[in-house]
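Novice: Same order as they appear, the protein sequences are chains A and B.
Residues in the first sequence are numbered consecutively from 64, following my numbering.
Residues in the second sequence are numbered consecutively from 224, following my numbering.
Keep in mind that the hints were calculated from the coordinates and are not lab data.
Keep in mind the model is a prediction, meaning the values are calculated, not measured.
Be careful, since some hints might not be right.
Just the calculated beta-carbon pair ranges, DEER-fashion [what the hints assert, rightly or not]: (1) B/Lys-243 / A/Ser-186: 35 to 43 Å; (2) B/Arg-470 / A/Ala-202: 36 to 44 Å; (3) B/Ser-280 / A/Asp-175: 27 to 35 Å; (4) A/Thr-108 / B/Lys-544: 38 to 46 Å; (5) A/Lys-199 / B/Arg-492: 38 to 46 Å; (6) A/Ala-212 / B/Val-579: 50 to 58 Å; (7) B/Pro-291 / A/Lys-97: 25 to 33 Å; (8) B/Lys-243 / A/Lys-199: 44 to 52 Å.
Rough simulated footprint, nothing fancy, chain B against chain A, three-plus residues with beta-carbon under 8 Å [said to hold, decoys possible]: (9) 86–93; (10) 106–117; (11) 125–134; (12) 215–223.
Subject to a maximum C-alpha distance of 30 Å in a straight line, what follows is the list of computed DSS-like cross-link-like pairs (lysine-lysine) [stated by the list, open to error]: (13) B/Lys-611 / A/Lys-137; (14) A/Lys-213 / B/Lys-310; (15) A/Lys-137 / A/Lys-194; (16) A/Lys-213 / B/Lys-475.
We treat Cβ as the ideally placed atom computed from N, Cα and C, and that holds for glycine.
Letter by letter, the chains look like this.
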Amino acid sequence: MTVIRGKVWKFGDNVNTDVMAPGFAFNAPWEELKKVILHIHPKFTREAKPGDMIVAGKNWGCGSSREQAPANLKRLGMGCVVAESFGRIYFRNSVALAFPSIVCPGVPGAFDEGDEVELDLESAQVRNLTKGKELKGEALSKDMLGIIAKGGIIPALQERMGIKK
Amino acid sequence: MGMTMAEKVLARAAGRGEVKPGEYVTAKVDQVMVHEAFAAVYRIMKEAGIERVWDSSKIAILFDHSVPAPTVANAEAHKLIRQGVKKFGIESWYDMKAGICHQIMGEKGHIIPGELVLGTDSHSTTYGAFGAAGAGIGVSEMAYVLATGELWMRVPYTLKFVLKGDLPEGVVSKDIILYIAGKYTTEVAQYKAVEFKGTTAERMSIASRMTMANMGVEIGAKFAFFEADEKTLDYLLQYVREEARKRVGIFKADPDARYEQVYEVDVSRLEPQVAFPHDVGNVRPISEVGEVKVNQAFLGSCTNGRFEDLEIAAAILKGEKVHPETRLIVIPASWRIYLEALREGILETLIEAGAVVCNPGCGPCFGGHMGVLAAGERCIASSNRNFKGRIGSTEAEVYLGSPATVAASAIAGRIVDPRASRR
Chain A
64 MTVIRGKVWK
74 FGDNVNTDVM
84 APGFAFNAPW
94 EELKKVILHI
104 HPKFTREAKP
114 GDMIVAGKNW
124 GCGSSREQAP
134 ANLKRLGMGC
144 VVAESFGRIY
154 FRNSVALAFP
164 SIVCPGVPGA
174 FDEGDEVELD
184 LESAQVRNLT
194 KGKELKGEAL
204 SKDMLGIIAK
214 GGIIPALQER
224 MGIKK
Chain B
224 MGMTMAEKVL
234 ARAAGRGEVK
244 PGEYVTAKVD
254 QVMVHEAFAA
264 VYRIMKEAGI
274 ERVWDSSKIA
284 ILFDHSVPAP
294 TVANAEAHKL
304 IRQGVKKFGI
314 ESWYDMKAGI
324 CHQIMGEKGH
334 IIPGELVLGT
344 DSHSTTYGAF
354 GAAGAGIGVS
364 EMAYVLATGE
374 LWMRVPYTLK
384 FVLKGDLPEG
394 VVSKDIILYI
404 AGKYTTEVAQ
414 YKAVEFKGTT
424 AERMSIASRM
434 TMANMGVEIG
444 AKFAFFEADE
454 KTLDYLLQYV
464 REEARKRVGI
474 FKADPDARYE
484 QVYEVDVSRL
494 EPQVAFPHDV
504 GNVRPISEVG
514 EVKVNQAFLG
524 SCTNGRFEDL
534 EIAAAILKGE
544 KVHPETRLIV
554 IPASWRIYLE
564 ALREGILETL
574 IEAGAVVCNP
584 GCGPCFGGHM
594 GVLAAGERCI
604 ASSNRNFKGR
614 IGSTEAEVYL
624 GSPATVAASA
634 IAGRIVDPRA
644 SRR
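Could you build the full structure based on these sequences and the hints that come with them?
Specialist: In structure tokens:
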């Protein structure tokens, strides 16, 4: 059982991949780039710490196919994103990068910013440790969990091709 | 049991007689498109020790986002891509000499009805205009596809949009898809396939169908299909290679296919539509737009940079002048369109009206170059996204409309109704 725990940053509906990986900062060095990841939430850009988690509404990661969106959040050290739904390309990319996305209807109503969340990855059980609430998310498929357990789709590819890491 | 277009494509790609929505399959990919993202894909493959691609004849690579290279970083990425293309022996390689990927995939004959086409660009849903299952994926998954020719896929549920009625004068397919995004939300088709049907869809030009399929992703769709009919075949057969011609045929859903939901959209009284910042679903009819001054008007992109779009704009701008405080930027979607518009005098009309015409490519649509916005500026654009910071400054505002709305607004210096009688 994989358990992920952290402090919650809250976002609304339709947060697109452009604001997670802005086109205007494509070529910026990491120290610059990390200041504009999720720039729609200025407090997040200043205070988010490795180990924090994101709770969001509908359609998290809609828009462009840019893989930098989940890659940037992973590099910031976010534990995972729990949202009511995800943009499908973002969702695929997050599996490919072993940065879990969990679909969990009703999750925005169960969390305030700063609450402590705990997620059982395999069962998609989502707990608000601060408020003592528990929600059931949608478990990832066996194939997706397999890719995540291997560390992402590239390690899975290397294993399939018999390439030593 | 009948199948939808998505189910048919994925059943064949998975080597199965039939598939059901919600199932996971391993799909064999028929065709691949990679743009500048190939720099990242190639780096990932090199680091992973992947020495060859599964089939160099099924991969098309080109540049469209940053052409000609505006920065040294872009130039370095282009250099790396050219090396990778040589190493893998990619046959369909267009460098920066073709245009925007989604336009080029059709124009170069890479799209076949009923086939599965994956691209490193979210607007790969455009291929649905030809009855192909086009979808975007990220660069790591693309590395996996290039190495193996396969990818896991979930069979999507399908929504049917039945489009009925004659479009009023001055109203085009862009207005329909904006209307749908506004009325049914930008996630109505999340994880789902869409089929656009009905008499309006049947009568639509290929270019107009491409606009709607292109923006299918803006309502969340995995695939956004039109039926491949006689019109589709006429278009594609101009371009597909000799050996692929026999694969080009009519492709439709079975008559008894099951849809998760059917929506009827009567377009006969539709007004031009405008998406307000910063969401594609924040849509208002032109009559409710109010006073919105614009510093820039952008006509182009994979959504609306085709010949018919430039032609519509030229008809409005002929003999007129772009407002002195507004900049009009025009970018044809491909070299073919660029040349045709040149030969037909359309570019001359646009330039005489005061437009800046740039070389084919994505231009400012994704905020890269060729007319990004300063803080506090507003742009009316024929492109597909108006997210915060999409075209430059996060303090700028992007409004989306049809090519007609863009052209008329460029003259007025504010967003106006393009229908002649109301201008």
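Novice: Checking each numbered hint in turn, tell me which of them this model violates, lowest number first.
Specialist: Numbers 1, 3, 8, 10, 16 - these are the hints that the structure violates, sorted from lowest upward.
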